[in-house]
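**Q** I would like the entire structure built from these sequences, with the hints used as guidance.
Residue numbers (the working numbering), protein chains in the order written: chain L, 1 to 322; chain R, 1 to 322.
There's no promise every hint is true.
Coverage of chain L stretches by chain R, computed from C-beta distances (three or more under 8 angstroms per stretch; other residues unrestricted) [unchecked claim]:
(1) 15 to 23
(2) 198 to 211
Computed beta-carbon distance windows for the label pairs [stated by the list, open to error]:
(3) L:THR77 <-> R:LYS60: 58 to 68 angstroms
(4) R:HIS44 <-> L:GLY293: 28 to 38 angstroms
(5) R:LYS129 <-> L:GLN214: 43 to 53 angstroms
(6) L:ASN196 <-> R:SER309: 36 to 46 angstroms
Treat the hints as calculated values from the structure; they're not laboratory data.
Cβ atoms here follow ideal geometry from the backbone N, Cα and C, with glycine treated the same way.
Number of protein chains: 2
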Amino acid sequence: MNSKWVQTFGNLLKCSQVALVTHVFPDGDAYGSLLGLKNILEQHGVEVFAYVEDKNSNGKFSFLPGYETLITFDSNTDRQFPMAVVLDCGEKKRVAGGNWIFEHATKIINIDHHISNSFFGHDNIVSEKFSSTCELIWYLAKRFTELITNESATCLITGIMTDTGNFLYDNTSAQTFRASADLIDKNADIKTVKFNLFHSKSLSNIRLLGYAIQNLQIILGGKVAFLNLDKYTMDQFNVSYEDLDDFVAFIRDIEGVEVAILLKETKNKQIKISLRSKSYFDVNKFAQEFNGGGHKKAAGALSNENMESTEKLVIDLLKNYF
Amino acid sequence: MNSKWVQTFGNLLKCSQVALVTHVFPDGDAYGSLLGLKNILEQHGVEVFAYVEDKNSNGKFSFLPGYETLITFDSNTDRQFPMAVVLDCGEKKRVAGGNWIFEHATKIINIDHHISNSFFGHDNIVSEKFSSTCELIWYLAKRFTELITNESATCLITGIMTDTGNFLYDNTSAQTFRASADLIDKNADIKTVKFNLFHSKSLSNIRLLGYAIQNLQIILGGKVAFLNLDKYTMDQFNVSYEDLDDFVAFIRDIEGVEVAILLKETKNKQIKISLRSKSYFDVNKFAQEFNGGGHKKAAGALSNENMESTEKLVIDLLKNYF
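**A** Structure below.
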């Protein structure tokens, strides 16, 4: 391991107090790395304050050990931290409570796996060779194997499983599997993780998927799968905008389909364009046509046109590619 | 490792000719272990004849390296084998070409991971501590690491991924992840495996799933999800009986559902009852009410009543359990 990383992680273990923070709209890797690292540091006697923007933002991850200890930013505090760790954030503007944490911490350590990371920390432990920030935390902590408890193992494997689509995305490496094996040896509560992540789909969400499939369009010679969902339909099925992430991945898995597109109407009548590709199509590049972006196989953009116009625009533009 | 296993596997490597066979209606673990072991033995100079009942039985696995070399049983041959290996078969009656292979081989080695295995071989390498027969083959061969090529690694990881539901079933252990890591290090073509197993769902199958969800019944206080599909509907969507395995697992994943049931009409008008449970319900026991069986969380049975009567019977019986 990079000797600078060893030194940085060692310094962290020596602190008396540390603040941890992750990105806005935290996902499994954000919560997993936040709570996993918190638990590891606590085993070493560090007092840890783990912050999220909104404590009740995502009940989906409330099963994680330590979730109840999360706190929100308090702008009236004069608490200063000798050290703050920003987890799973590629850029400064995505850091939850950004200004607050940068003002209240003497030193910022940036731990992340996004290729786009801008190295905004005083120290940066950043590499895209990890499936997830959780895998990176495992890698840093595994030399101190006694620090990894069943609680932190449960948190870390959650981030690995969510960020790899349960070991299906291209970021799954031999190292990802070895990390998972080690975390199971540390008694990660994999049963609870799987139950909450994969075996608790809401019935209304399933019903909406059934309806959506009935309206699925397969166009451009079978290469493109296209879905749109307006707010009226989502309301009828009692499904919120945020719960539709799986739909676009689901339709990408159809035989012959290279690009999957979901248009969904936001509360304020914009259209969110979600794009996924299977092998060769660069959806990041395509999303730029709408001032959006992301990764080669998963990207998004926002349109201010209505559903009908956005659909026409997207399909017309796609015709140039196929 | 068990010293008897080392001796048995060592004897196999010393043969000049070996026949390999697996179970009828081969799945990913059957094809994977058959072709994986074939390749490993060939690296050691053994001449291998790998048999399947019907060469064209399941095109789904034709991407596996060596698939084209599979042969079918020929009752006119007088070929005798010093050794035959039966892979992934819990019982003698499930061995494809059962009589043929038992008549033509001097010695039978039984390699399997089913808890119900009846130890029918002259030598038996059998343990339910492996997710799959493929994981067991990896375990046997890993001391001879030079024998594992990218081709055999591709075959073996296929069986691991199919038999664990891509690492989601309870049989996924730390060892399963370590086996997968090793096979990726051996350049298993994981991209091709994932493409064929998970990213090539047929459009007609997806359309039928959408239709089925519209007709999904959630009964007995939300604990039971119930689907039935008659032959007329399957024909309309151009989906065959064999392609419906995923549906019952899909509806089991609904929040609050403990038991998922799919009734499907076979060609000869029987009703196949497919049962899955999520955590505590023993579907194997329930299937016995219909003279069926299987595992605690996955079982099946056949009914000679029509769809309507079978549905009534199943639901009435279930009421005693909830």
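**Q** Apply the coverage criterion to the region 198 to 211 of chain L and chain R: a residue qualifies when its Cβ sits closer than 8 angstroms to a Cβ of the chain, and three qualifying residues are needed.
**A** Coverage by chain R holds for the region 198 to 211 of chain L (11 residues, Cβ < 8 angstroms).
**Q** Does 43 to 53 angstroms hold as the CB distance between LYS129 (chain R) and GLN214 (chain L), or does it fail?
**A** The hint (43 to 53 angstroms, Cβ to Cβ) holds, given that LYS129 (chain R) and GLN214 (chain L) are roughly 45 angstroms apart.
**Q** Is the gap between the beta carbons of THR77 (chain L) and LYS60 (chain R) within 58 to 68 angstroms?
**A** Because 59 angstroms falls inside the window, the suggested range holds.
**Q** Is the coverage entry for the region 15 to 23 of chain L by chain R consistent with the three-residue Cβ rule at 8 angstroms?
**A** violated (count 0)
**Q** Taking the beta carbons of ASN196 (chain L) and SER309 (chain R), is their distance inside 36 to 46 angstroms?
**A** Because 38 angstroms falls inside the window, the suggested range holds.
**Q** When you take the CB atoms of HIS44 (chain R) and GLY293 (chain L), is the distance between them in 28 to 38 angstroms?
**A** Distance hint for HIS44 (chain R), GLY293 (chain L) is violated at roughly 51 angstroms.
Checked against the numbered hints above, the structure violates hints 1, 4; every other hint is satisfied.
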